[in-house]
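Protein chains: 2
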Amino acid sequence: MNNHIVIVGGGPAGIIAALTAKSVYLEKSVLLIKEIGDGVIPCAIPYMIHTLNDPKENALGNLPLDKAGVEILVDTAVGLDTREKLLSLKSGQIIAFEKLILATGSMPVEPSIPGIHKQGVFRIEKSLSATTMIREKAKTAKHIVIIGGGFIGAEFADEIARGSQSTVHIIEIMPKLLTAAFDDEFCDAAEKELTGLGVLVHTRRKVVSINGGDRVESVRLDNGDELSADMVIVGIGGRPNVDLARRAGLLLTEGGSIWVDAYMRTKNKDIFAIGDCAVKRDFFTRQEVPVWLASTATAEARIAGTNLYGLRALRQIQGTISAFSTRLGNLSLASAGMIGRTCIHEEFSFVTGQATAPDRHPGFLPGATPLTVKLIFAKRDGVLLGGQMSGGPSVGELINAVAVGIQMRLNVRELDMMQIATHPLLTPAPTVHPLINAAHQALAELRKSS
Amino acid sequence: MNNHIVIVGGGPAGIIAALTAKSVYLEKSVLLIKEIGDGVIPCAIPYMIHTLNDPKENALGNLPLDKAGVEILVDTAVGLDTREKLLSLKSGQIIAFEKLILATGSMPVEPSIPGIHKQGVFRIEKSLSATTMIREKAKTAKHIVIIGGGFIGAEFADEIARGSQSTVHIIEIMPKLLTAAFDDEFCDAAEKELTGLGVLVHTRRKVVSINGGDRVESVRLDNGDELSADMVIVGIGGRPNVDLARRAGLLLTEGGSIWVDAYMRTKNKDIFAIGDCAVKRDFFTRQEVPVWLASTATAEARIAGTNLYGLRALRQIQGTISAFSTRLGNLSLASAGMIGRTCIHEEFSFVTGQATAPDRHPGFLPGATPLTVKLIFAKRDGVLLGGQMSGGPSVGELINAVAVGIQMRLNVRELDMMQIATHPLLTPAPTVHPLINAAHQALAELRKSS
Chain R
1 MNNHIVIVGG GPAGIIAALT AKSVYLEKSV LLIKEIGDGV IPCAIPYMIH TLNDPKENAL
61 GNLPLDKAGV EILVDTAVGL DTREKLLSLK SGQIIAFEKL ILATGSMPVE PSIPGIHKQG
121 VFRIEKSLSA TTMIREKAKT AKHIVIIGGG FIGAEFADEI ARGSQSTVHI IEIMPKLLTA
181 AFDDEFCDAA EKELTGLGVL VHTRRKVVSI NGGDRVESVR LDNGDELSAD MVIVGIGGRP
241 NVDLARRAGL LLTEGGSIWV DAYMRTKNKD IFAIGDCAVK RDFFTRQEVP VWLASTATAE
301 ARIAGTNLYG LRALRQIQGT ISAFSTRLGN LSLASAGMIG RTCIHEEFSF VTGQATAPDR
361 HPGFLPGATP LTVKLIFAKR DGVLLGGQMS GGPSVGELIN AVAVGIQMRL NVRELDMMQI
421 ATHPLLTPAP TVHPLINAAH QALAELRKSS
Chain E
451 MNNHIVIVGG GPAGIIAALT AKSVYLEKSV LLIKEIGDGV IPCAIPYMIH TLNDPKENAL
511 GNLPLDKAGV EILVDTAVGL DTREKLLSLK SGQIIAFEKL ILATGSMPVE PSIPGIHKQG
571 VFRIEKSLSA TTMIREKAKT AKHIVIIGGG FIGAEFADEI ARGSQSTVHI IEIMPKLLTA
631 AFDDEFCDAA EKELTGLGVL VHTRRKVVSI NGGDRVESVR LDNGDELSAD MVIVGIGGRP
691 NVDLARRAGL LLTEGGSIWV DAYMRTKNKD IFAIGDCAVK RDFFTRQEVP VWLASTATAE
751 ARIAGTNLYG LRALRQIQGT ISAFSTRLGN LSLASAGMIG RTCIHEEFSF VTGQATAPDR
811 HPGFLPGATP LTVKLIFAKR DGVLLGGQMS GGPSVGELIN AVAVGIQMRL NVRELDMMQI
871 ATHPLLTPAP TVHPLINAAH QALAELRKSS
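Just so you know, the sequences run in chain order R and E. Just so you know, we're using our numbering here: the first sequence kicks off at 1 and counts up by one. Just so you know, we're using our numbering here: the second sequence kicks off at 451 and counts up by one.
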């Protein structure tokens, strides 16, 4: 079999890399090898419990790949000979390639808690069968304990509390929920929403054991509390899946990811790595960061897919922006770039500005929600470092104005005088739009301090 | 009376200029002279008919000005002596100033149609009393004819058709509605929404006479059609209100606006003009354009308010972006920068890219709406010239990501590889976000054509 471009991994990164490669290199064949035959669940796993009617509705299908002329093989890559450019599969098949893209993703971290393998304890995996099992169990469980108060944990808590009669606990080791993406005031607002839904939030707490017989019956915390539990969901994050790369001798980073250059190339120029398995570097510090997002993965996939046979498109935007959004209770929250806590930790000098206004105008319009924007700028040159916001669903796209600004190195003086599209039914008033007013506040701070 | 900074005009531009000046020049007094005592209606005039309960809810109050220490005088400026720096008011009072900002706004254009002064024919004015009269009449009228198919006309048609039993006609001289802001496919989508609400749309039509006795009874079109009408709303746009500036001998432009430099200064460095009365230059061509938006006005107000006593803040972003959004029927529409029709007229070489995806993911989630984005880039260097979109309410803020990109001169290659924040409940999927995919399509076009 004479393959040109081979991609290992059927998640968002693998799919976008395949589609990009096929659109850029019309004359090359593209083969995608995916492990999960019954459908990959790329996103929205929490919302499969109640919000979505049918788990199959959320599976990533093969239709766009078929239409583009990408070949698909359901199999597992078990060996990689980087010199001979051969991939060996679990089925015994050997695949030769000209160019290889590894998009092997990440795997959920399993904490070393006694009892973690009892029945009723679930990790979050991305196959249709695994997510369907969580869905079925969550519909009938009476006492659910969620370990981990990041996005995935908070979203599971929200979804379950909305639709179930069960008690829902969420256990977080840090002082607040969502501390990786938000400063305290936004974490507090998120916690308030979950509490409002009846979720019992335990911060600064660790699970020391999962107890019961074959099945989980309770969970013990480090303060001695014993919580009844017939279901435990572990959502404490992931780690890069680099088994194939490690065995092949590809260079790994300190953080355990596949090392790649700015064009997603490993040390072998015919082998690329993208998505959760490839090293992520922070946009501002260039340090390795454990942030795995589909938005970053797909951007990397486009870079790799374009540059397989020589660098055609210079990578003009580098590093992970960490652009997040979520919805908890009635509040949407979003964050992009640096937060205050990280700025302090990384010793950035910064100023902040914050502003609030109704997200429709006048604020008496039905459905109007207060929109709060906090912006962070470098103290000396006024460059936008990050933004956080809470409000109605419009923050989901407003954060992308911030993300574009960060990537374009927008200055506070530019943002302060920027023209912003507004409409009574869709946005805050032009006189008080918090994106502009937060910049104006920060500029006043900057003047005071200089 | 010893005044430092005097502002004429109580609309969004005047208010933001006053607040900015007060925050930048702490030691200076700021006096705002406003003509309308009973409340200015800055925006959302169409939505006062049914959506808002009480017209007063929409009046721009004095509270932020009072809190900031801005003095307010309800009077009309009738004379300006630019040499002696004196303003004479209708009441007979003479006001001396160090620095003057003219924010005298615009006035509705009155077409020269026979019968235009009959009872039941309304212009759109920004006072509480005038808007209340429209509201009262629209609630009882049986046959309403709206002259003008731009934003204001389309929004009145939408609002009235939603809440009233009356017949609603909209008459537009151009081949489609909203042609100033959208290319054909978006105009068609807007028309479809209005038709769906029962609005009778007449394009390529002119009103030749308004007939009846003292009161309007019918409207005659240029094709001979006679439409019954007990109310006519004229929304064909505005013209700058420059009477005071003209009498004072300030330089006016060919288009009839007050000439200002990049810092909103007239030829007299102590007199500034901002908002609808000051000249608007297109961001890309620098030609004078008749686009009057509160977003531009407030950006100008911040520039003027900051630079009154010498240029402190360089104006880094120049020209009008024309960033619009609206909601008609169940469709939100937004536009920023150049549209294809204007590019052709101005002889820009350009490529376009277009993409559609559900605005939640998976698309089966309740409330998901198809989001379509069309982007326009300069053919040679790939710089973003404009964007148009239709979909759910999230386009109201997504267009601001485009507006930021235009102002930062974002390149198609940068946007194609951009990281975008996504969330199942708030945005399209990262694999198919139309903002990125439209850029990807345009890049493919660019490659083909180069």
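Any given hint might turn out to be false.
Unchecked claim - Per label pair, the in silico range of CB-to-CB distance: (1) P820(E) to L197(R): 27 to 33 Å; (2) E71(R) to P625(E): 52 to 58 Å; (3) G813(E) to N223(R): 29 to 35 Å; (4) A262(R) to H500(E): 54 to 60 Å; (5) E507(E) to K67(R): 33 to 39 Å; (6) M174(R) to T735(E): 17 to 23 Å; (7) I794(E) to E71(R): 50 to 56 Å; (8) S88(R) to G813(E): 45 to 51 Å; (9) D634(E) to L197(R): 42 to 48 Å; (10) D634(E) to A262(R): 55 to 61 Å.
Said to hold, decoys possible - Anything over 12 Å on all C-beta distances counts as not near chain R; from chain E, calculated: (11) D504; (12) I522; (13) G570; (14) K592; (15) E605; (16) G662; (17) L701; (18) G706; (19) R752; (20) S782; (21) S785; (22) E847; (23) E864; (24) H890.
Said to hold, decoys possible - Where chain R lies over chain E, by a calculated footprint (3+ residues, C-beta under 8 Å): (25) 554-565; (26) 770-781.
FYI, nobody ran anything at the bench for these hints, they're computed from the structure. Cβ atoms here follow ideal geometry from the backbone N, Cα and C, with glycine treated the same way.
Hint by hint, here is what the structure shows:
{"no.": "1", "hint": "P820(E) to L197(R): 27 to 33 Å", "result": "30 Å, holds"}
{"no.": "2", "hint": "E71(R) to P625(E): 52 to 58 Å", "result": "47 Å, violated"}
{"no.": "3", "hint": "G813(E) to N223(R): 29 to 35 Å", "result": "44 Å, violated"}
{"no.": "4", "hint": "A262(R) to H500(E): 54 to 60 Å", "result": "55 Å, holds"}
{"no.": "5", "hint": "E507(E) to K67(R): 33 to 39 Å", "result": "51 Å, violated"}
{"no.": "6", "hint": "M174(R) to T735(E): 17 to 23 Å", "result": "53 Å, violated"}
{"no.": "7", "hint": "I794(E) to E71(R): 50 to 56 Å", "result": "42 Å, violated"}
{"no.": "8", "hint": "S88(R) to G813(E): 45 to 51 Å", "result": "38 Å, violated"}
{"no.": "9", "hint": "D634(E) to L197(R): 42 to 48 Å", "result": "46 Å, holds"}
{"no.": "10", "hint": "D634(E) to A262(R): 55 to 61 Å", "result": "41 Å, violated"}
{"no.": "11", "hint": "D504", "result": "8 Å, violated"}
{"no.": "12", "hint": "I522", "result": "16 Å, holds"}
{"no.": "13", "hint": "G570", "result": "26 Å, holds"}
{"no.": "14", "hint": "K592", "result": "27 Å, holds"}
{"no.": "15", "hint": "E605", "result": "9 Å, violated"}
{"no.": "16", "hint": "G662", "result": "33 Å, holds"}
{"no.": "17", "hint": "L701", "result": "24 Å, holds"}
{"no.": "18", "hint": "G706", "result": "22 Å, holds"}
{"no.": "19", "hint": "R752", "result": "5 Å, violated"}
{"no.": "20", "hint": "S782", "result": "6 Å, violated"}
{"no.": "21", "hint": "S785", "result": "8 Å, violated"}
{"no.": "22", "hint": "E847", "result": "4 Å, violated"}
{"no.": "23", "hint": "E864", "result": "5 Å, violated"}
{"no.": "24", "hint": "H890", "result": "7 Å, violated"}
{"no.": "25", "hint": "554-565", "result": "violated (count 0)"}
{"no.": "26", "hint": "770-781", "result": "holds (count 7)"}
Checked against the numbered hints given earlier, the structure breaks hints 2, 3, 5, 6, 7, 8, 10, 11, 15, 19, 20, 21, 22, 23, 24 and 25 and satisfies all the rest.
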